[in-house]
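Participant: Chains A and B supply the protein sequences, listed in that same order.
The opening residue of the first sequence carries number 1 in my numbering; numbering runs sequentially from there.
The opening residue of the second sequence carries number 646 in my numbering; numbering runs sequentially from there.
Since the hints were made in silico from the structure, they are not lab data.
Any given hint could turn out to be false.
Stated by the list, open to error - Computed list of lysine-lysine pairs in BS3-like fashion (alpha-carbon distance at most 25 Å, straight line):
| no. | chain 1 | residue 1 | chain 2 | residue 2 |
| --- | --- | --- | --- | --- |
| 1 | B | K894 | A | K216 |
| 2 | A | K43 | B | K894 |
| 3 | A | K102 | A | K49 |
| 4 | A | K482 | A | K551 |
| 5 | A | K585 | A | K608 |
| 6 | A | K198 | B | K894 |
| 7 | A | K285 | A | K49 |
| 8 | B | K847 | B | K787 |
| 9 | A | K198 | B | K847 |
| 10 | A | K213 | B | K847 |
| 11 | B | K894 | A | K213 |
| 12 | B | K938 | A | K216 |
| 13 | A | K43 | B | K847 |
| 14 | A | K121 | A | K344 |
Unchecked claim - Far from chain B, by Cβ distances over 10 Å, these chain A residues were calculated:
| no. | residue |
| --- | --- |
| 15 | Q3 |
| 16 | S9 |
| 17 | G14 |
| 18 | L21 |
| 19 | Q25 |
| 20 | P48 |
| 21 | K198 |
| 22 | Q201 |
| 23 | D203 |
| 24 | N272 |
| 25 | G276 |
| 26 | K490 |
Stated by the list, open to error - Derived contacts from chain B toward chain A, CB cut-off under 8 Å, selection only:
| no. | residue |
| --- | --- |
| 27 | R941 |
| 28 | S983 |
| 29 | F984 |
C-beta: ideal position from N, C-alpha, C; glycine also.
Spelled out from the first residue to the last, the chains are:
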Amino acid sequence: MRQLLLFVSIILVGVLFLSRLFYLQVYTSNEHDLFNNDNAIRKVYDYPKRGFIYDRNGKLLVANQPSYDVMVTPREVKPLDTLEFCALLKIDKEKFIKTYNKARRYSPRLPSVFVSHLSKKDYAALQEKMRKFEGFYIQKRSLRHYQTTIGANVLGDIGEVNTNDIRRDSYYIMGDLKGKQGVEASYEETLRGVKGIKFIQKDRFNRNIGPYKGGKFDTIPEQGKDITITIDAKLQEYGELLMQNKRGGVIAIEPSSGEILAMVAAPTYDPNILVGRERSKNFTKLIRDSIANPLFNRSIQGVYEPGSPFKLMNALIGLQEGVITPNETVTCYAGYKYGNRFMKCHCYIGRRNNLISGIQESCNAYFATTYRKILDKEGNASTGIDTWSKHAKSFGLGNFLNNDLHVGQKGRIPDRAYYKRIYPKTFYSTYTISNAIGQGEVATTPIQLANMIAAIANRGYYYTPHIIKSIEDKTLPEKFTKAKYTTVDKTHFEPVIEGMLQVYKKGTAASLQVKDIDICGKTGTVENFAIIDSLKTQLTDHSIFVAFAPKNDPKIAIAVFVENGYWGSRFAGKIASLMIEKHIKGEITRKDLEDWILRHSLEEEYAKPYSGEPFRINAHTRLQLVDDSEYKRLKRQLNATLQNP
Amino acid sequence: MVRDTNRHFKFDWITIILFLLLVGFGWLNILSASHTGTDIDYFTFSQPYGKQSIFILLTFCIIIVVLGIEAKFYERFSSIIYIVSILSLIGLFIFGKNVNGATSWYAIGSMTLQPSEFAKAATALAVAKQISDLNTNINNIKDQIQTFVIIIIPALLVLLQNDTGSTIVYGAFFFVLYREGLPKYYLTIGVSVIILSVLALKFGILITSIIASILILGYYFLNRSKKKVTLLQSLFVLLLSIGVSFGVKFFYQNVIPPHQQDRISLWLRLEKDPVKLQQMKKTFAYNLNESEKAIRSGGLNGKGFMEGTRTTGKFVPEQHTDYIFSTVGEEWGFLGCSFVVILFVLLLLRILHLAELQKSQFSRIYGYGVASIIFIHFLINIGMVMGLIPTIGIPLPLFSYGGSGLWAFTILIFIFIKLDSNRINEW
């Protein structure tokens, strides 16, 4: 039986080994971790070209520029001619030693950036000699190259992804670039393309030793697509020029298509400052400016009470609901009395206004009466306000436009449910009378208002305002090409449009007429408040203007908001007229308006709330002129825009 | 002439085929583990796999020589072979070349030779000769001591050269001696000491003592009526056991070098602190950790020949030598590993079977020695690579890279094949 000891031992060990192997390789195997957790394989990404951005006339706005970083892998560095190398890189020897030691501390085996963002010229000189410097190599990266200084809020910028971006979309890895604002963000997937992946086999020192399985799993990058946006660079540039030294937003839409022609937010910045080495510093500066807030896109994010332009809406609802007729008149007593309260108006006492003159003179009494008639039509303001709300919302107000802009705001069109909180039981039309003149609870963004004007210009329908004109080979989605009808019949628009025309002919914007163009517009002067030292303080009114032109074949619908610009035609109206003339004629005949706008600034007005001093508003303010050097600068800029083809 | 051709057919072809399969499959894995770049130069001195091909070619010359020599030669000259082998080991103290802390190599130009590999075969011959001697009785203490001395001299010499792994291999002769009639208490004591050591290190002396008391006193009380053992005897054994436990603990803490302490601590999972465990993975446990990872990543079918990412990336140090089995694990998976394990088991059982068939006592004992030596290598190497046994650096026979090892095992096995082929002529 002594023979059995070794025999049994051999069998036992064999069985033991097979069980252990089964445990390791079948039961707890990690073979499927190949692409995710195998530190023997490195994924190297091949980044495609990011798509270019063109304006509606085919002008290139955003392209790419190569950027060259000199990388170093300290372990592989062989003795070199440091003098020559430093001269090529334009650094001194101390800097060389410092950077080299830093890279070595980080990792002797992994590459670190030695000098970043070499100029093209330095790169060319260096590349010739690169073979002499073992352990160093040049890494090419792609940065955005803006061909313009305008449209920062439209175009946006790209920046490195953060951990949230990666969690939301596993496509990204640390260090990837992603659109952060503007069309760069909203058309990120189109512009970026799809990066290719190469699987590289590495050794235990993390060095590359060739493609994994001969590149069987590698993918080729898919190039980013070029896009054309609806922005007219010339109009945009002009709008930005006019809005200098002011704050607010200008948005112009082509009514027949919903294409956004211009989207100005002021103040703005030069998009080039967010490229390259200075990006981080400049971005911090922009985002920390909580007063001027240049990253805040006022034309689509700014929520303002719309003021008088909203009277147009009330007129349309009144006509649709049949509570007013165009010729019916209302007598104004320089205001409107309701209960024991009084709403002032600019009309002289006893003026009788019909719909057209009501719009023309922006008569508060007329629209207060109209608003009450709408709400009280069925004898119950609760159902009345819901009807009113429904009509207003059909113009795209009070909700997201659901378009292709990266940011947006809902604004607010109140209904009974909204007021339930404030007035749980009784509810009368007079409670909300401010809505009649576009104050109170209604709130809109400039783009919503411009879209409302586009719907009026189209006599009853609109196209969702959008910024994409075309993407290489793709057709636009239906939501941008299909008209959306309002709940107001076509016939009711004519009298309102006639009123808007009269605003220009003899009403509140009579001084802004442009020869040969029938502009239909409406001024707005909106009271607004700020909390200063926990006190609600009234500031100078916002200057607002909406318009479309020409009357019979609308080419442009525009909304202009100038914060604290006082009355509607003072700043906003002038800018709107100039923009319309620029778009339709291509040149400016109202040089006087242009000059006035360039000469005047509102910076003093904006400084007031932060001065800590008591200040006066509206009629008690004086107009601020820009100084000569600033005026000359603006003029030079203006001339430059004229010279560029 | 007719007799000569006949004789060739008497070689045990099953053993030869198993041998060739292991050497061939081993070479494929050495190629995979040591290959760099894209070109394969099959016979080059600059790459381990190229060297190994040359070693394998030389192996065939050795086989021809070993099989060509008259079988009687091995028995007659076993003492001389043994003495030459011992002298070559002693010579290392003067002429030896130090590699990885062990002075086990003679350097002849770019070639190195490791005499300790050949000493195993020489010792197997000497042991077979000693026990098969008509004057030797293994139950006789004096003869036992003589035999032990034959085994201990080379074992001690390699230990002094810092080659602990090879020393342990000499324990293989226990199987041989036991087969030939070594008293049973050697087995009992051996197994008891191993169990006591593991228990003492893993659970501490107190628990070990309690377990030993229960077992020994329980055995006594159950067999009291049969008068097999006295209470005094039982108490003596118990005291001895507790003494062994203390001894082992003392030995572990004060005698053996720290790196071996670490290996044992790792094997018995004595360290519980996760921070220190993480630290271990980066230091002395790195090899084992990487080799286990490579084996696990192979899964059922493996990643394919030359396609193991961890092998190609050289993640497992010493992969073409002691850790060659992790390459099999990664590239050939569970199926390939099972194939290797089964090949070894078949080879061992075949040699064992042939040994039992021998009519000459010398051949049988030698065959047993061959099987035991290969078995210990197989057990320790594969056990270590899979983390079943503390890290002990010895190669996998016929598989691992290295000329000395390959030739030594070739000689070891083919002497037996020669002896076996001769068994019919012996009558």
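Participant: Among all the numbered hints in the text so far, which are the ones the structure does not match?
Facilitator: 1, 2, 3, 5, 6, 7, 8, 9, 10, 11, 13, 14, 15, 16, 17, 18, 19, 22, 23, 29
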